[in-house]
Each structure stands twice: as C-alpha cells, then as structure tokens.
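Below, each chain spelled out in residue letters.
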Amino acid sequence: MSPALSIDVDRCVACGRCEIACSVEHSRSKDLFGALMQHDAPRSRVTVTEREGMPIVLVCVHCDDPACAAVCPAGAIEKHASGEVVLSEGKCVGCGACAVACHLGVPVARRDGRAYVTCDLCPSRREEGRVTACAEACPTGAIRYDEGKKGQGVVKYEKPGQGKSTYVTIVGGT
Amino acid sequence: MIDITIDGIRTTVSEGDTILAAARAIGIEIPTLCHHDIVRPHRACRVCTVEVIRADKVNFLTACTYKVTEPLVVNTRSEGALARRREIVAGLVASSPGAPALAVIAHEAGIETHSDSTGERCIRCGLCVRVCDEIIGQKALAYEKGAAGTPYKTVSDACIGCATCAAICPTGAIVVEERGGVRRFPQGNREFKLTACRTCGRPITTELHLAAVRAKRSLPDSVAQVCPACKRASFAGLVSAGESTRPPKL
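Protein chains in written order, with numbering that gives the first Met the number 0: chain L, 0 to 173; chain B, 0 to 249.
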C-alpha cells in the first residue's frame, strides 16, 4: 500500500493543529502534556505558513528521486518501495546537507542540533492501521490521508480554484 | 539465544548483543550521551549506567558496551541505578553546563543546569573524530597522544568547516563563530568563507562544505545558493500560485 497525503490548500485555516499533532506524535510520550514537558521539545515536520493572506501547509513531498538521500553522508535517508522518504534520526549526524539539497528547504534541525527531521508519514500509526497524525488532527479536511493511489506521487497539493469543481492535482516530487 | 529480563520484561537476545540494543528493541529507553548508532560505542560518558544482576552479583555497568553472554537481570531505573546515573550526570553538568544534549538528560534526572563555565567540556567520546573520519570522510580531526589535548584542537587542512563535529558533540565543546561572511573555529584555529543566501544574504554554510554537497548531487544554483528558510518561503509561493512542487530541472 502506498501512503499518500492530499493537501487541499483552500481548506486550510492555519489553525496549527497539524503542527501540534505532528510534534506530539514524534515525542517520546506521545501525549500532549508529556511532549510539553519534554526538555528537547519535538519539532513539527509540517509547517503552517501563509502567502498573500492564504494559509498554506508545507510538508516534505517525498520526491521520487530525493536529493536529500543522495547527499546524506550518513546514509540516513532512504526512499522506501512504498514511496515514503524516511530520515532515520538515529543515523543522522546533523550536518545539514539535506537542507542544502532540498529544493523546498524542508528538513529542519532538532532542537539539540544533533539531527535533522522531516516527515516520515507516521510509520507506527500506519502499522496500526491509523492515518497520519496531521490528517487525523486537521479539522477542515485540508490534510487528508489517502492510500493505494498508484502513480500519483506521495504528496499532492490541490490548486486553489474558483469553486469546488476546479481542482487540479499537482503531484509533489520528481 | 539468551534469556534476559530488563525492568521486569523478559526478552531473548543473541550472544554479544549489548544491553542498550536489547532494551531499545523492547521499547525501553536508557539515556545516552556519547552513543551514536553509526559509530562504535565509547563508554565515555557513562550516562547509560544500569544495574546488572548476574548469578546474585550486582554490578553497575554501561549498557552501550556490555555485551550479553549469560542470562541476567537488568534494572534501568532501580534506586541504585538512578543514584549512580544522577552522580554521573551531575559530574558532567559541572564540567559542561548548558550543553544541549546534556541538558536534556540532566533535566530528566532532575538536575539543574546553569550556563557559566569556562572549563574544558570535552569528554573524549570520539564522536567528532569518528564522524569526520567515517561519515563526512574528511578525516580532519585526530586525538593527540596522551591525556592532554582534545581532537578539535588538532584540525588538519582537510577540514571543510561543515561544523558537523560541533553539531554531534554531546557536550557542546566545539565553538563555532559566524561573523562577516566567515565561519571560525577558534579552538582549532581555522577559518572558512561562508556562502551567503542570494535571497536574504544570511549564511548557508561554508563554500567548501557546499562544494562537497554539490559534488554528490548536481543542484541548480536556485537550490544550492538559497538558504532553507528562503526556499520554504518560495515553497509557499509555488503552492499559492498553483505551480508544481517538483524540483527544478538543471
């Protein structure tokens, strides 16, 4: 099964629940209070920003031919057969080559500076048959988790249109 | 296969597996500082000290280096283990206060950290040397003979100023300064020209490090000469304009 995220930009209201959910999911305790108490607070892999007044969610697009994986000196980034590009924090040495090579500037340094992080499409949640943390938390359906849609790439951004019927799928990655 | 118990949980390990690996395999976190999966364990910080009971003998050993050869019982959070660990961490904090990775462990052990120390922070864990050697590949750092001297003061011309040694150092011993388009490592007495982001002017990394990254993968200037923050801003621009988020063709 190929995991996929579908981001409908028109539906994003910049509430930030995806950022909180992502951070909590990547904390050691996996609950909000534990994550808040964690001294090295986990970083969200998804970013809410805005452009010309329009709220936008930014996330790794899991490229077909990831530049980050090619430049990583530690071999910490792998493209899985099911499509996800995964950065193993345990192997990362924090050199930042991935952030230099990424055309979207996605990888960010962990707060202790010893590793970089990026979206891993929540593997432990998917193993349990659940959707990604961001998709579960999003109250408007701006981030939706799909599965099994072959040939569409891992992350697709849907172009803001003039009405619900004019969405064009833009596929992320190579 | 050997049966061991960690914090009351029974598990089976292969001979030669470390206690740290066995604990992680069953979801038990033992704090570490000088350990990194990518290089051999060094037993330099001893933060991973745990209580090990073998045939009624109790010892306090480092989980990262102790390899299991017989059935045993491990307690990672017994009174004795916690007391030992607190002592070790307090000692490290006294010599390296304010180091980010150490502050995390200290905080969780209930130890206060404060940030004024001019003493030597290096715990000779060898992470900088090994990472520069085996991962970055520049082999620019080396230990000086004898107890005196720390690796990052003996920096060869192979150094490209990537500062990965500083990033990986668990006690924040390596100082990096960036000023006036130059990155300096005062302790190793090295200086490197920085490449500035052509959008915002802030430094990305050293010219040499950037060249090493670009040698591994052809990158257009619009990717390699723009800092991650500005690239994220243009990511937002692409999405709002409904344009493709694919990498630009060379």
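Don't read these hints as lab results, they were simulated from the structure. The beta-carbon is built from N, C-alpha and C at its ideal position, and this holds for glycine as well. Check the hints yourself; a few may be wrong.
Cβ-to-Cβ under 10 Å is the rule here; a few derived chain B residues that face chain L [unchecked claim]: (1) 57; (2) 60; (3) 99; (4) 104; (5) 130; (6) 138; (7) 241.
Pairs of lysine-lysine, DSS-like flavour, derived with a Cα cap of 30 Å [stated by the list, open to error]: (8) L:78 / L:90; (9) B:152 / B:248; (10) B:215 / B:230; (11) B:152 / L:78; (12) B:230 / L:78; (13) B:152 / B:192; (14) B:192 / L:78; (15) B:138 / L:78; (16) B:192 / B:248; (17) L:29 / L:78; (18) B:248 / B:230; (19) B:152 / B:138; (20) B:138 / B:56; (21) B:56 / L:90; (22) L:90 / B:138; (23) B:248 / L:29; (24) L:29 / B:192; (25) B:192 / L:90; (26) L:29 / B:152.
Tested hints:
1. 57: 28 Å, violated
2. 60: 22 Å, violated
3. 99: 4 Å, holds
4. 104: Hint on residue 104 of chain B: holds, closest Cβ of chain L at ~9 Å, below 10 Å.
5. 130: Nearest chain L Cβ about 5 Å off; hint holds.
6. 138: Interface hint status for residue 138 of chain B: violated (13 Å vs cutoff 10 Å).
7. 241: The hint holds - residue 241 of chain B has a Cβ within 10 Å of chain L, the shortest such distance being about 4 Å.
8. L:78 / L:90: Distance of about 15 Å is within 30 Å: holds.
9. B:152 / B:248: Measuring from Cα to Cα gives roughly 42 Å; hence the hint is violated.
10. B:215 / B:230: 20 Å, holds
11. B:152 / L:78: Distance of about 38 Å is beyond 30 Å: violated.
12. B:230 / L:78: 22 Å, holds
13. B:152 / B:192: 19 Å, holds
14. B:192 / L:78: 33 Å, violated
15. B:138 / L:78: 28 Å, holds
16. B:192 / B:248: Distance ~28 Å between residue 192 of chain B and residue 248 of chain B Cα, so the pair holds.
17. L:29 / L:78: Distance ~25 Å between residue 29 of chain L and residue 78 of chain L Cα, so the pair holds.
18. B:248 / B:230: Holds, at about 16 Å.
19. B:152 / B:138: Given that 30 Å is the threshold and the Cα spacing comes to 14 Å, the pair holds.
20. B:138 / B:56: 43 Å, violated
21. B:56 / L:90: Violated, at about 35 Å.
22. L:90 / B:138: Roughly 19 Å separates the two Cα atoms, so the pair holds.
23. B:248 / L:29: Roughly 40 Å separates the two Cα atoms, so the pair is violated.
24. L:29 / B:192: 42 Å, violated
25. B:192 / L:90: Roughly 28 Å between the alpha carbons, so the hint for residue 192 of chain B and residue 90 of chain L holds.
26. L:29 / B:152: Violated: residue 29 of chain L and residue 152 of chain B sit about 41 Å apart, past 30 Å.
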